[in-house]
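Chains as they are written, first to last, in the numbering used here: chain C, 20 to 378; chain A, 208 to 715; chain D, 190 to 506; chain B, 7 to 353.
None of these hints come from the bench; they were simulated from the model. All values reported here derive from a predicted model rather than from experimental measurement. Do not take every clue at face value.
What the hints assert, rightly or not - When the alpha-carbon atoms are kept at most 30 angstroms apart in a straight line, the in silico BS3-like pairs for lysine-lysine are as follows:
1) D:Lys414 - D:Lys315
2) C:Lys37 - B:Lys143
3) D:Lys236 - D:Lys224
4) A:Lys625 - A:Lys471
5) C:Lys37 - A:Lys595
6) B:Lys235 - A:Lys371
7) B:Lys345 - A:Lys471
8) D:Lys391 - D:Lys328
9) D:Lys416 - D:Lys433
10) D:Lys438 - D:Lys416
11) D:Lys467 - D:Lys236
12) D:Lys328 - D:Lys433
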Amino acid sequence: MSLLAEKTPARTYAAHAKPWWQRTLMTRDAAIIALLVVVWTYASIVILNFSDPITVYFLVLDVTPILLIALPMTLIIITGEIDLSVASVVGLSSVLFGVLHREGVPMVAAMVLALLACAVAGAFNGVLVTRFGLPSLAVTIGTMALFRGIAVGALGTTAITDWPDAWGDLVQARIGDSQIPLMTVPLVALIVIFAVVLHFTPFGRGIFAAGLSKDAARFSGVNVDRTKLILFTLSGLVSGLAGIYFTLRYGSARGDNATGLELQVVAAVLLGGVSIFGGRGAIPGVIAGVVLIGTIGSALRLDGLSANIIQIITGVLLIAAVIAASVLGWTGRIVGTYRRQHSSDEPSSKQSPQRKRSE
Amino acid sequence: MPDTPAALELRDVAKSFGPVRALRSGSLRVEAGSIHALVGENGAGKSTLVKIVAGLYRRDAGDYLLAGEQVDFRNTADAKQAGVAVIYQEPTLFPDLSVTENIFMGRQPTNRWGRIDRAAMRTEVVELFARLGVPIEPDRPTEGLSIADQQLIEIAKALSLDAKVLIMDEPTAALSGNEVDRLMTVARTLRDQGCAVVFISHRFDEVFALCDTITVMRDGAYISTDPISEVTEDEIVQRLVGREVSDLYPKLEATVGKPMLEVKGLTSTGLFHDISLTVREGEIVGLAGLVGAGRSEVAQAIFGVDSYDSGEVTLDGRPIPPGDPRRAIEMGLAFVPEDRRQHGLVLDAPISRNITLPTSGRLARNGLISTGIENRSAADWAARLEVKAATLDALAGTLSGGNQQKVVLAKWLSTQPKVLIIDEPTRGIDVGTKSEVHRLLSTLAQEGLAILMISSELPEVLGMADRVIVLSEGHQTAELSREEATPEAVMRAATAHHSTTLNVSEAS
Amino acid sequence: GGSGSGDEGEGGGDTSSITFIPKNLGNPYFDASDKGGKNAAKEIGTKWAQVGPTESTPDSQVSFINTATQQRAGALVVSANDPTAIGDALEEARNAGTKVVTMDSDTEPQFRDVFVSQADAAGIAKSQVDLIAEQIGGKGEVAVLSAAANATNQNEWIKLMEEELAANHPDIKLVQTVYGDDDDQKSFDKTAGLLQSHPNLKGIISPTTVGIAAAARYLSDSQYKGKVALTGLGTPNQMREYIKDGTVKSFALWDPEQLGYLSAYAADALASGDIEGKEGDKFEAGDLGEYTVGADGVVVLGEPTVFDESNIDDFDF
Amino acid sequence: MTTTLDAPAPAAPQPRHRAANRLTWLLKQRETGIAVAFVALLVVTTAVNPNFLFSTDGWRDLTLTPAILVCLAIGQAMVIVTRNVDLSVGSTLGLTAYLAGRLFLDTGLPVIVVVLIAVAAGAVLGLINGVLVAFAKVPALVITLGTLYIYRGIMLEWAGSDRINASDIPPGLLDFGTGSFLFIPNLAWISFALLAAAIYLMRSTRVGREFYAIGSDPAAATLYGLRDKRRVLQAFATSGALAGLAGILYVSRYGTISSGVGQGIELEAVGAAVVGGVAIFGGSGTVLGAALGAYLLTTINRALPVLGIPDFWQQAVVGALIIGAIVLDRYFARRQHDKLLAEREES
Ligand SMILES: Nc1ncnc2c1ncn2[C@@H]1O[C@H](COP(=O)(O)OP(=O)(O)OP(=O)(O)O)[C@@H](O)[C@H]1O
Ligand SMILES: Nc1ncnc2c1ncn2[C@@H]1O[C@H](COP(=O)(O)OP(=O)(O)OP(=O)(O)O)[C@@H](O)[C@H]1O
Ligand SMILES: [Mg+2]
Ligand SMILES: [Mg+2]
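With the rest of the complex left out, here is chain C:
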């Protein structure tokens, strides 16, 4: 028997236990996509004006910031962390962009500088979480107030509103004569990039491993801290991008832009099937989650219902989604596939999801 030198295939293995269609269709992602299709179809038939192509136009413009931020947020939550400061970074980006523009810095340079600052803000979160070993929940609650405070403080009472029309028009432009916003193109590109990074690169494999078991990942050579630092920086950068978008779309740089957006993003990501424990989730589901919330909001508004119902539905969907996961998991455990760490039979602290003092 020679293990390191030559091959001695003694056994063969099937790659998968279930056929491909079961693996694709019997997932949280598929369920949420199906729900989206059902809601969309229902709304198109029942709700007046919903089938109008302009619905798509407004919907895309509306969900763009949430969708943008949801991408890095998905990766962060999969590593088992969270970033609540994203909406404040949006405000920060908007204000910096505005102030630089007011001071006469050319548009593109102002944009790049604002984005850099936001990446630094994100890295600040990342350093506190990885180098200092602080819980990201507490850290980002703190930086949420800090970044927002800086944004609001820097601009004070004013909103900067003298933006060149060309830029605002670019953000809201349509592709040709269609009702599809031009924004869709970079958005789809970003989605593809994030999906590839998460699902088809060694870095992405490290993200999942870090979320499922920080220790096992570290013991396998995954640099968990560096991974998280990169993701927090990325989150700052993309949130900054959303801030630029906000500024240009509304032609107004304000410190209070996107207030409360962080919870919407987290809700959408979790609805999209990402586990708050980390280690589980996929980009298609998240996209569907974001669009689903946007669609329901759009449909209800068209139906003349108030914003309040939208809140209730968002909350119910969120809770239903996670409870469904836990109920499914509970049944799954009977067949022996459930994550060990939720199982009541095993109180071993070694597997508790939020293991503290892990140094």
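For chain C, the structure is supplied; the task is to place chains A, D and B with the ligands on it using the hints.
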């Protein structure tokens, strides 16, 4: 049963965790006023049995009687209520709370108004500690206590319950000789007062000195019960293992080459001091010592998952940068950790992803990796190690312990290492797989791999290693050649206090 | 909430529906103006709906403007949370054939057809400065408790007040402007902060209904009651008890119900093509009579009413 | 223990904290640090503007303004100690405040009955969180994020564009809300009483100690046979009830209930607890610390304008404070850890 009911009786109790049958048919009958030894190899199901008695697990089948009454506990509080006290194998304390609170949690003495009587608690703890001769400050938090101190608190906790049945799951593993003697005194006193005591230990000297009856378990099943006076140590070992011990260690001759792993003066405050060792091509070096001696910490520091304060590590002559496991892997170091479930495997990830995790960078094409690529590599290595699994996307956590260990080995061998550090290679593995692993290690050494093997099982160390290095309390107390390494020599070095470092020749 | 729009007309529009989008829901000022709008719609015989965000931010308002666009509403009556931020959305609505009236708080003129102004800004600013000057004897420190820092109308009034003070009341010093965001608690706490930071404060002007009510409530049971004057824009129902107990001597406001009423008529006149919003266009506004569109498409409701002990019981809104 | 062993007689417990010991102990407490920061803030601000403390209103607002947040921070601290978090308290506060307003407006029930109903309603809302967290085994962060939306949505939907004005509230309650007893505002007395009760609960009863145990190591809590589900339910119900009470306090203090009541206050409550030294992953920290954190955060908000810092910067200061507090905590924990290791080294 004709005579008076036993204090504790289990009949054909079974327990499975998913596909893992931890306990097939566990039986145990303990009389009041006796000390009963429960022995079995690692993974024989002893702790599982204990946890069923404690009310922590619910049995899948079988009978559980206390003083002749059928019982069925929903949780550990019920069991405590019924007079069952348990000292678990791993100490389970609340790190943020004080020693006193840990001892009384859930049953603190209260006054009429529900106010906790702290003074009474403290008085009782002081009294308990005095009886046990424990010098622990009752008001300090338990965080940062040594394993031995934590174990002593567990013992105090169990004693403070007025228990009819006391179960101790390897309580002495981390204790010094003095502490063991004191514990034995306490156990005997309790016995004389009519308590039924169950004592689990891998140390036969203790078992024979303390107990009056002995039950042997193997592979989750009951084997035998005898009065201790009617059996010999050899007979027990034979029953434990189920075959001749000498079969177990198929050591192959290997040619020892140049030094591959060299460690010089490795020190980490509070954990280990001035560790220096060399492992050569084709050589298996054993790292022996008692639990808590700091061997795992040394290994983790070498690999880079832990930091260290001073010292240096080189692999094939090139220094391994501290704190960078990825670099260590690239340089040819592989590390099979002691705790498979926490460190070795991502239990909730498929087998294939587990095997390819350290090599995913190498496997990627144009920076991209796919399940297909992973499966091809994983299938190859799983086959070489004969992992018993149906599909590659089965979660690693669903495999039995032995197969999990094979997956870990597959994962590390797929990195094509030059040096393999393997911590407790056969912990919790059944006897069959155990010898497979041993054969594998021998083969690997023969192929020129340098292996550093940490093991708490003396026969394994003595059977497998070309050289044995012994650690005690974080200090290197002996380096013994294969010939010098007798059980007595290793044990003496392992229990030596570091100020009295052993002279190797004297020890042999 | 209100009801959705009815059947879709040809050429993509239901010219006979008016949608009101206030700054935020749950604000009594806009409740009153909505009431006026609803009455007008009933008189005209068109459909009427009121939708809006719960927080007064421009981005949440945009979604509702977009929805109205999708519904091809005949006309929109909006009170803007930001002069430019909702501009593109309004443009989009106008491109789809919806007429846009701003009310109470304007956008930049190019984004709407007509702005129905509660009173002309200079008049509002002057009346409040005059009221406070009278109450504090023409001398001393005053402060402003405003709504959101970006509210168009607030900022314009504050600017005009400063000019008015400089021009005609040199002894009155405006020491600070704070923002209560039309949030009750915030306005309340900001009042407390103002009084502490400025021990010599003589008066507070709060040109927002939420702010003045919160400030009055703080003053009414503080040591400053009767010592620090308060005036601004408030609704009689909210302020009645503070007038009665002497916390506030007088304050001003136009009738928001009339404002909504007039806006609905202006919207209908636009939607039915009677006017285009050019200077000089004339339209009938039910009980209020005929109005003329002024420069920049502004229609002015009239002068604000000053409320004090003598007349407050004559009003109920 | 009824058994007696032939072992050495128990050593008499030594007198523990003598005066000097007590002082060093006090200095080491996290609460002392926050209290010192609080006092320093008072001194500096009052030096700049004596009115900040030495005026009837200054003195009153000092204890009155934080009362509501103190209430929430106490509940939040209890929940966080069990290794959970309750983000729904702001919405619970809003919903119960509106409920109380409606009851005053529509029923004419006596004030005390309305208060009890509001507190009970808060407890029920908290219990819903607790049930979902304990039985569905879903992290509290997700559940309470969901109920944050749901409770707020229900309130908004119910309230429509109605709002409740001071004139709808019984004058007795409003007078109570702004009144004082022995120079201390009534609401402050309530918050002190709650704080005292909470300190007693957390320090000296089994329930409180088990909260700590569950948060410190949930797995060990199972091994000890603690009724962890019940405790989690209790913690959430208490937090909800306190939020309900905070709703009433809000009504009596501010008189008007608009749609945004309590929006965003949940993060202030978490912030207060974190600043006050409650570890976000449970097991340590005190309600006193959380209450002091609430005092510090609220008072900073009032002090900044006095100190001449535009109030736009308030949030930034609060954020910096939260970050500073957790970094400092970690630093001390590290030092303690190293010290313990060194001690072991010597022994
Ligand atoms: N929670 C669990 N999930 C899955 N398998 C488990 C679990 N607990 C124990 N096992 C498996 O059950 C078997 C028996 O374990 P147990 O801990 O009872 O052995 P033991 O006799 O106490 O061994 P040791 O001497 O090492 O303590 C082992 O194979 C172990 O891997
Ligand atoms: N996470 C930790 N924090 C603090 N001390 C620790 C930690 N892990 C281990 N220790 C301590 O380090 C020392 C050595 O640890 P460890 O038990 O790994 O040694 P070992 O020789 O590998 O024993 P084992 O036979 O269990 O593998 C022990 O005293 C233990 O208490
Ligand atoms: Mg065991
Ligand atoms: Mg070890």
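Holds or violated: C:Lys37 and B:Lys143, Cα atoms, limit 30 angstroms.
Status holds; Cα separation ~28 angstroms.
Has the given pair, B:Lys235 with A:Lys371, been kept, meaning a C-alpha gap of at most 30 angstroms?
holds, 29 angstroms
Keeping to a limit of 30 angstroms between CA atoms, is the pair of A:Lys625 and A:Lys471 held or broken?
holds, 19 angstroms
Below or equal to 30 angstroms on CA atoms is what counts here, so check D:Lys391 against D:Lys328.
It holds: about 8 angstroms lies between the C-alpha atoms, which stays within 30 angstroms.
Satisfaction of hint between D:Lys236 and D:Lys467, Cα-Cα up to 30 angstroms:
OK: D:Lys467 and D:Lys236 at ~25 angstroms, within 30 angstroms.
Against the 30 angstroms threshold, does the CA-CA distance of D:Lys438 and D:Lys416 hold or violate the hint?
holds, 11 angstroms
Next pair to validate is D:Lys416 with D:Lys433; report whether the Cα-Cα distance is within 30 angstroms.
The hint holds at about 16 angstroms.
Could you grab the alpha-carbon distance between C:Lys37 and A:Lys595 and see if it respects the 30 angstroms cut-off?
The hint holds at about 18 angstroms.
Proposed proximity, D:Lys433 with D:Lys328 (alpha carbon, max 30 angstroms):
holds, 25 angstroms
Is the Cα-Cα distance between D:Lys414 and D:Lys315 30 angstroms or less?
It holds: about 25 angstroms lies between the C-alpha atoms, which stays within 30 angstroms.
Straight-line alpha-carbon gap B:Lys345 to A:Lys471, limit 30 angstroms
holds, 26 angstroms
Given the hint that D:Lys236 pairs with D:Lys224, does the C-alpha gap stay at or below 30 angstroms?
holds, 14 angstroms
Figure legend: structure checked against the earlier numbered hints; every hint is met.
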